[in-house]
Amino acid sequence: MEQEQFPMLVETEKCERTIRVRLDVPDGDNGSNDDEESEDEGIVITFNSLGRGTVRRRASQRSRRQPPTTTATLVHTSRRGSDTYLEVLPDLTQGVDEEETWEKLQQIRAHAVPIEEKRKLKQQLQSAPTLRTRGLAAFKLSRRKFFSQTKSRLREMISKIELWHWSLRYVEGNFGTGLVAFFTFIKWLLYLNLFTCVLLGVFILVPQIFLVHSKDSCIVDSWPNSVYDNETFLYENDTNCCTKYYNEIQSNSPKRDNYYLIQLVQDGVQGTGPLELSYLFYGYYPRHILVLEVAPEWKYNLPLAYLLVLVVTLILSLVLMVRAAARGLRESLRSSEGQFYQYCNLIFGGWDYCIENNKAASIKKKAIYNELCNHLETERYNEEKEQRTKKERCRLYMVRLLVNMVVLALLSVSFVAIYKSTIFAFDHLKDAKDSKESEQDKLMILLFEYLPSGVIVTLNIIIPYLLRALVKLEHYTPNSILVLTLIRTVFLRLASLVILLISIYQSIPACPDSKPSECIDECTRPWCWETYVGQQLYKLTILDLIIMFLTTFLVNFPLKCIGHKLMRGSQIGAAIGDIEFAIPKHVLDIVYGQTLCWLGMFYSPLLPAVTCIKLVLVFYIKYFDCKVNSSQSSQLYRTSRSNALFISILLVSFIVTIIPVGYSIAEIKPSLACGPFRGLDTIWSEMLAVIEESPDWLKAVLLFLGTAGFAVPAIIFLILAGYYYYAVAAANKHMVSLLKNQLVLEGHDKQFLLSRLNHMIKMSAEEGGENTSARSSRPVEDETGHSNDQTLEA
Amino acid sequence: MGNKNTTFTEEELEDYEDLTYLTRREILVAWGKWKGLVGGQGEPDRVTRYPEEDVQKLPELQHNPFRERITRVFSSLKDSRMSFEDFLDLLSVMSSKAPLQLKAHYAFHIFDYNEDQVLDTEDLEVVVERLTGDHALLPEEKSKLVEKLLEDTDLDGGGISEEEFKHLLTKCPDFTHSFRFSV
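Protein chains in written order, with the working numbering: chain G, 23 to 816; chain A, 56 to 238.
No lab work stands behind these hints: they were computed from the structure.
It is possible that some hints are incorrect.
Claimed, not checked - Under the rule of at most 20 Å between Cα atoms (straight-line distance), these lysine-lysine pairs were calculated in the PhoX-like manner:
no.	chain 1	residue 1	chain 2	residue 2
1	G	Lys167	A	Lys152
2	G	Lys582	G	Lys607
3	G	Lys388	A	Lys197
4	A	Lys152	G	Lys762
5	G	Lys762	A	Lys203
6	A	Lys88	A	Lys112
7	A	Lys133	G	Lys387
8	G	Lys381	A	Lys197
9	G	Lys182	A	Lys152
10	G	Lys381	G	Lys182
11	A	Lys152	A	Lys90
12	G	Lys582	G	Lys381
13	A	Lys152	A	Lys133
14	G	Lys772	A	Lys221
15	G	Lys209	G	Lys762
16	G	Lys755	G	Lys209
17	G	Lys126	A	Lys152
18	G	Lys381	G	Lys649
19	G	Lys182	A	Lys226
20	G	Lys755	A	Lys197
21	A	Lys152	G	Lys173
22	G	Lys167	G	Lys126
23	G	Lys762	A	Lys112
Stated by the list, open to error - Not the full set, but computed from the structure, chain G residues with beta-carbon under 8 Å of chain A:
no.	residue
24	Arg131
25	Pro136
26	Glu138
27	Trp373
28	Tyr375
29	Ile385
30	Leu398
31	Ala711
32	Glu715
33	Ser716
34	Trp719
35	Leu720
36	Val723
These figures come from a predicted structure and were not determined experimentally.
No residue lacks a Cβ here, since even glycine has one placed at the ideal position from N, Cα and C.
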């Protein structure tokens, strides 16, 4: 681009150095090649006659006339002090049509000039002669205008009713944008859960409520033969009887009328009692084809719908999360390109311009200072690392190995503890339930029921402290420490959940000699194990919420009051009362809650709704924690890095939850007494049955998809595609370094040109000093083809 | 809020909407804030220019270490006074819809303390100093930091020019998140 423009020295003055520039841009279009976005189509040039950057002009001149010969026109200039900022717009006198005018009007606000200038520009654009568009083009243009207007009106409306807008603004103003990312994450999760809720509600709940089905009759020797049921499922009548027995047992469970309210609360928290046979759990949904009461031809296959909707919901959640993760990852990759970009990111992007609070501002300054020191420290660390002797290196590696082993040992110990406690509690629970007459046994029952959860919670509090202490021994950079601690804590949380699942799985064993027609077998597993699993997960969700509530209000709040009010000024008071709002820990809480929701979604279709309500409450709890309890964090949380981190953790836990759910769908026999899949061998066989009944070509395609003949080529293809993208990325990186070198060369060229310009100015100033009277003292605007032209060529 | 305003005609509101990145509601809120900031004596109007210090009382600017530069850059006549339209300009550039190029342009001028159209050592040193506030880095640390910054970003020597700065900011993803506030 630079080679084609010739800055032309048009005229000089006796006492002042004036350089007027006329640009001939040979290519016919706007000549924009610095950015692809259409926001600014002009060429921006700033010169300095001192060889640096700007053209200095007399302040009173303004150029407005448009010389008709050039295609790139000097339309207007503006003043910034005594410098001139030239902005070049495409020529307007060649009869542009309405569409271009409209587009240019939209781009006016992207010009970096005061409003006055923009207004004048707008008037100019609107008064310039335009060609009218006709026909199809006019229609398209009006449609575009309409869409863009509606979009902006819609956006304005949405921003008015945005959820929690003022709370987020408060956090932004007082804590900075890093913390806002956390609360925005909660909001995003809420929307995801709402979406899941709506899907499940529309396809499973609503049909179940409004449509009807035939009754399950337990008469041993006749088929169900009501008018609705021509195509009912064929299963043994024995399972109908199992269902009847199960329902009877549930409704006849002894109620203790003395402690009715407590019983109610306990049932609400655990999902037992009247909640067990409700829409909340899997066990309530029947294995029937539902029909409309008024029009029996409209059928709705509930079991198939149940399975399909769950699968589709999981897939859609995955797609949404991957999209959000890709966005965050792109940003964080950009910033981690090199140490220097981290400096720039910190210095130019480090200050949050929305901070409104003096205390927050000073804390932010301290945080930036800390981060700068961190970076300098990392530099020093890297330098020192290269100078480490072999002996020191060996020692460090040994220490790291040791610490890793200790961490593994700690984690395994906690897993074993959780496992053992669950099995212990389960066994003793059975014994205690059989003899539930004495008061002491009732207490023991309560204790045993909450023992596994209690163990998990205790471990979740103790182990992170130990991990933080251990990681200090390993001498990593601060960033690595953060990531490493986070990974280890995530392992702890997820694995404890997995252990719980395994222990639940152990409690629903396939007993060796069960007869197929027995409703339950002698191993006395629960009548309806799916509901049991749903209940456990529901209980964990509610417990999680209660614990968060208690921690915030009954632990942190008093600590802060004690530390700040009672022991004000003392060091102990500060040590107790200064609780930082540690974002990683809170993120893990949220992710844990969401993991529970995904695990339990199949066994409790209303669990996403419960999770939605829980997330709303959690938002306010965390908001209270942040606003009232915590002192400002002295660590800088960067939005770009945080976003990527949160969603990645969420993705990891999603993948971990898919495995148990998938396994239970594909391998475990559904219980005989309840649910939409009773009587089948596995839940997935429902799907297989549907495939069997579909047309032949579809069946062939679907069955082929499951064979190895499809899977192996697919895997090979994916590997090749991945390698291709990796190669393209490597080539692009190489290209970037080449272009950078080219930029440096161009910079040298520019310096050379400017020094030549300087030289020419000096020379012509001397010449001008010799012929005084021949020159006019007032330079005329934009003269074309003057005899004083001198050309500079590179 | 949007239906009963008497200070702006429909045309003017549309005009402002076209020329800035603010929505109608935001323009009216801005007007309310403007009145609060400068309306000490009587009803303020739209063209009078008020001293910079009044504008710096805006909550978001009050504790900003760069507030004097901000008001100076956005003052269209550079007379250390701002009118309402300059204020709208400021809000428009700071809104979340403004593109990166626009923000980068103004950020460049804000950081350019000596107004020589490049970011050189003295500019950057002042920036770092303002950012860290009371907790100052040691002078040798500061100069090392600035030197490292310039060495890696300045491709042709002579300080960071505006184009280099714009290119640099495309690599700083936090800039778009932090260089904004809304009314």
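How the hints compare with the structure:
no., hint, result
1, G:Lys167 with A:Lys152, "19 Å, holds"
2, G:Lys582 with G:Lys607, "19 Å, holds"
3, G:Lys388 with A:Lys197, "15 Å, holds"
4, A:Lys152 with G:Lys762, "30 Å, violated"
5, G:Lys762 with A:Lys203, "18 Å, holds"
6, A:Lys88 with A:Lys112, "11 Å, holds"
7, A:Lys133 with G:Lys387, "29 Å, violated"
8, G:Lys381 with A:Lys197, "25 Å, violated"
9, G:Lys182 with A:Lys152, "16 Å, holds"
10, G:Lys381 with G:Lys182, "29 Å, violated"
11, A:Lys152 with A:Lys90, "25 Å, violated"
12, G:Lys582 with G:Lys381, "18 Å, holds"
13, A:Lys152 with A:Lys133, "26 Å, violated"
14, G:Lys772 with A:Lys221, "18 Å, holds"
15, G:Lys209 with G:Lys762, "41 Å, violated"
16, G:Lys755 with G:Lys209, "36 Å, violated"
17, G:Lys126 with A:Lys152, "17 Å, holds"
18, G:Lys381 with G:Lys649, "13 Å, holds"
19, G:Lys182 with A:Lys226, "32 Å, violated"
20, G:Lys755 with A:Lys197, "31 Å, violated"
21, A:Lys152 with G:Lys173, "13 Å, holds"
22, G:Lys167 with G:Lys126, "13 Å, holds"
23, G:Lys762 with A:Lys112, "43 Å, violated"
24, Arg131, "6 Å, holds"
25, Pro136, "4 Å, holds"
26, Glu138, "6 Å, holds"
27, Trp373, "6 Å, holds"
28, Tyr375, "5 Å, holds"
29, Ile385, "10 Å, violated"
30, Leu398, "6 Å, holds"
31, Ala711, "51 Å, violated"
32, Glu715, "53 Å, violated"
33, Ser716, "49 Å, violated"
34, Trp719, "49 Å, violated"
35, Leu720, "47 Å, violated"
36, Val723, "44 Å, violated"
Comparing the model with each numbered hint stated earlier shows that hints 4, 7, 8, 10, 11, 13, 15, 16, 19, 20, 23, 29, 31, 32, 33, 34, 35 and 36 do not hold.
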